[in-house]
Amino acid sequence: MLGRDISETLQQQVHNAVVNGTPLKIEGGNSKVFLGRETHGEILDVSAHCGIVEHDPRELVLTARSGTPLKEIEAALAEAGQMLAFEPPHFGDNATLGGTIACGLSGPRRPFCGSARDFVLGCKLLNGKGEILRFGGQVIKNVAGYDVSRLMVGAYGTLGVLLEISLKVLPRPAASHTLIQECTQAEAISKMSRLLSQPVPVDAACYHAGYCYVRLSGSEQAVKHAHEHLGGEVIEKSEPFWHALREHHLPFLGSANPLYRVMVKPAVPPLEIVGEWLLDWGGAQRWLVSDEPIAVIRERVATVGGHVTQFRGSEHKGEIFQPLAAPLLVIHQRLKASFDPHGIFNRGRIYANL
Amino acid sequence: MPVSKDGLPCNRDAHEDLIRKLRGLLPPEAVLTDKEDLRPFECDGLSVYRRLPLVVVLPETTAQVQAIMRLCHALHVPVVARGAGTGLSGGALPLSDGVLLSLAKFKRILHIDPENAMATLQPGVRNLAISDAAAAYGLYYAPDPSSQIACTIGGNVAENSGGVHCLKYGLTVHNILMLKVVTMEGELLTIGAETLDSPGYDLLALMAGSEGMLAVIVEVTVKLLVKPERAQVLLAAFDDVYKAGEAVGAIIAAGIIPAGLEMMDKVAIHASEDYAHAGYPRDAEAILLCELDGTNAEVSEHIMKVREILHQGGATEVRTAANEAERQLFWKGRKSAFPAVGRISPDYYCMDGTIPRRQLPHVLRQISLWSEEYGLPVANVFHAGDGNLHPLILFDANKDGELARTEEFGQRILQLCVEVGGSITGEHGVGMEKINQMCIQFKAPELIQFHAVKAAFDPAGLLNPGKAVPTLQRCAEFGAMHVHHGQLPHAELERF
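These protein sequence lines are chains A and B, in that order.
Everything in the first sequence is counted per the numbering used here, starting at 1 for the first residue and increasing by one.
Everything in the second sequence is counted per the numbering used here, starting at 355 for the first residue and increasing by one.
A couple of the hints might just be wrong.
As the list claims (entries may be wrong) - Pairs of lysine-lysine residues, derived as DSS-like cross-links and limited to a Cα-Cα distance of at most 27 Å, are as follows: (1) Lys191(A) to Lys522(B); (2) Lys577(B) to Lys459(B); (3) Lys581(B) to Lys224(A); (4) Lys581(B) to Lys191(A); (5) Lys522(B) to Lys597(B).
Unchecked claim - Here are some chain B residues the structure puts well away from chain A; computed CB gaps all over 12 Å: (6) Ile373; (7) Ile463; (8) Ala562; (9) Tyr629; (10) Glu652; (11) Gln713; (12) Asn752; (13) Lys788.
Treat the hints as calculated values from the structure; they're not laboratory data.
Quick caveat: nothing in here was measured; it's all calculated off a predicted structure.
Heads up, the beta-carbon is just placed ideally off N, CA and C, and yes, glycines get one too.
Model the full structure from these sequences, guided by the hints.
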């Protein structure tokens, strides 16, 4: 398989950074630079560290270097009738596997099939001492040592440079139908919540612009029966809709206005915050475009036990991610120091003092 | 206070002081010090390791747990937390200078939320009790370790327990949302959230399978799933164990993810059949049990496909359970494999390695060669779908040197698992049992990183010390021993 292993070069750059006390800014395809806080430093370019290392469809496992383009991985999987079941958003043509895992983002299928971190089986990591370490592996069950590979998911590169990642992959469903029904947001929430306690093969559910969309996937028969059971109109060629939802190509998601990601329990009734809402993940992940100050949004969301990220339209400083409770922040800082004792990787990308 | 060289209180005065202070925090019946009362806590499910703790405490509130932890931290006394004690790797083995913290009184189901498909539990709730309580809503908790009737959710999180349905439904880590934990310093932390993810690092993943080394779990919120409309099981017999291994890969290659895919070899089939009378074919060299679940329509479709694959793969016989009673019977044979093997041999040693599925034929062949070499029979029981092997080495501990040979044999199996790209433990954990094998699977900088992760939660190193992650010193000694036997040169392992 094509590709290139530049781990020694990357390792050398980390060694130099340690010696010179230079902070490093890890870069892959640069597709998710809009997300999170600004970080400064010499660029550590991982994009040339690429290539699928191993993919044996029978094992349901794929291992690739972190700079491998996500689309290359998806193409290889599609050829084998497989997929990344967490349906990762790309947010750009150059998205790499490393960036996808470091940001821990998942698409519409997430509440029904699992998140990016759920599918990570192992990784090869370059830590802040310039050591190359391996954690986890290529097997589904592995409880030797702490689950460091999954800790890397959503750490935004603050703990180390992902060099290689092994993922569990799944067969693509044989059939997929999308049902659509006009309703209010409140009706959509209770409809989607009821799906959680019915034996139907749902793998995506969202509410957008007055319509509830439910995607059924599985064997031909299963999808057909579930459709009869649930009712609703089928939309032909629904793939572009789910793609647009995942990639934030639907009208207001891609706008320049501040976009907030509001995480709540799926059955929480509509939140009274002025703005435009789109509900994904069966109601568990809600997108909000609003002019309200973030502090006000956070306060309201906290009353229902949720949390808020300013996803787009931020100035890349301040509290973009929900602040942590003080004792948890202490643990985060100690963990950061344990992987990156000189504090060289992606300083301040998630929190100012991390 | 006099302190021994490893920093632990070593004299009677210090012990008495600790016990007096614990009595000040807890009701009298919640502090046990009599030898007789301590006895039930001397070991977990791996009873070859036994040790009496200094004292057992049985708190019933989170505030009490915090107070105990603060006291032990201040007095520099180590603490080992314990759930139901069904663990199979000695992870809950007490320390003779330490406190054994039992969570047995934390057994309330706090809340079942069918609308959001989640349940909040105290750590001492039994695994099966969760599904029982959720059944009223058509929901259940997916991970089902074979000890599910007795094991508790706190221990399941600590061990990241699996079960026969992992391939499709994941391990404990995939099925939990939020934890409340108490650190060694007595701090109460909320890890994860009731939402599908939480801000900051994924500490939930770190806690799952941390073997009681990072914090004490005092509350668990789990995800509940809808009970599938239908579950159906197929039994296939093979005249060759390797053909059975190939068939496992063929089912998965066909795009079908069975809910469970189990394999047993001849020794295990016979033992199980004598014990459970499940109707397994005695003339088979191996059987596969393949459970398919989902909607009615999907299960019917998949059964047809899997039957075809099994026949094509050379199965001599394929049976579909005719009804729920027969399905239960097929499973009964598999689930009673361990006790069944226990009846045919004075002792057995259960291994828990994982391998990439494609290595199954190779690893089986090697195990059978070693079985002859050591003169020790092996019964093979596998979670074949996810490559998790449970070879049971049959031996007699009363025979001179047989235990030592068994351990050596077992060690070679685990080493082989690592060599072919697998792991020394799929679901039982490292605990005390596989601490030496950690030196095979991980290099020194990786072990150092693990110790540093522990220190981030427990800087004083007082929570379950000495388990799960070996010291470099220990690995050096283990390595030296192996060089002596001439069987594990492993030049890449750094020496100290």
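Taking 27 Å as the top limit, are the C-alpha atoms of lysine 577(B) and lysine 459(B) close enough?
-> Roughly 23 Å between the alpha carbons, so the hint for lysine 577(B) and lysine 459(B) holds.
Exclusion check [alanine 562(B) not at the chain A interface, CB over 12 Å] | violated (6 Å)
Beyond 12 Å from every chain A Cβ - status for isoleucine 463(B) | For isoleucine 463(B), whose nearest Cβ neighbour in chain A is about 18 Å away, the distance exceeds 12 Å, so it holds.
Check the non-interface label on isoleucine 373(B): least C-beta distance to chain A beyond 12 Å or not.
-> holds (29 Å)
Is the Cβ of asparagine 752(B) farther than 12 Å from every Cβ of chain A?
-> Its Cβ never comes within 12 Å of chain A, the nearest being 32 Å, so this holds.
Non-interface claim for glutamine 713(B) versus chain A (Cβ beyond 12 Å) = Its Cβ does come within 12 Å of chain A, the nearest being 10 Å, so this is violated.
Are lysine 522(B) and lysine 597(B) close enough, with their CA atoms no more than 27 Å apart?
-> holds (23 Å)
Claimed clearance of chain A by glutamate 652(B), with the beta carbon kept past 12 Å = At roughly 4 Å from the nearest Cβ of chain A, glutamate 652(B) sits no farther out than 12 Å, so the non-interface label is violated.
Decide if the proposed pair is consistent with the structure: lysine 581(B) and lysine 224(A), CA atoms, cutoff 27 Å inclusive.
-> holds (20 Å)
Agreement of lysine 191(A) and lysine 522(B) with the hint, judged by alpha carbon distance not exceeding 27 Å | holds (26 Å)
Straight-line alpha-carbon gap lysine 581(B) to lysine 191(A), limit 27 Å = holds (18 Å)
Just checking, tyrosine 629(B) versus chain A, shortest CB gap more than 12 Å?
-> Given that every Cβ of chain A is farther than 12 Å from that of tyrosine 629(B), nearest at about 26 Å, it holds.
Of the hints listed earlier, those the structure fails to meet are numbers 8, 10, 11, 13, in rising order.
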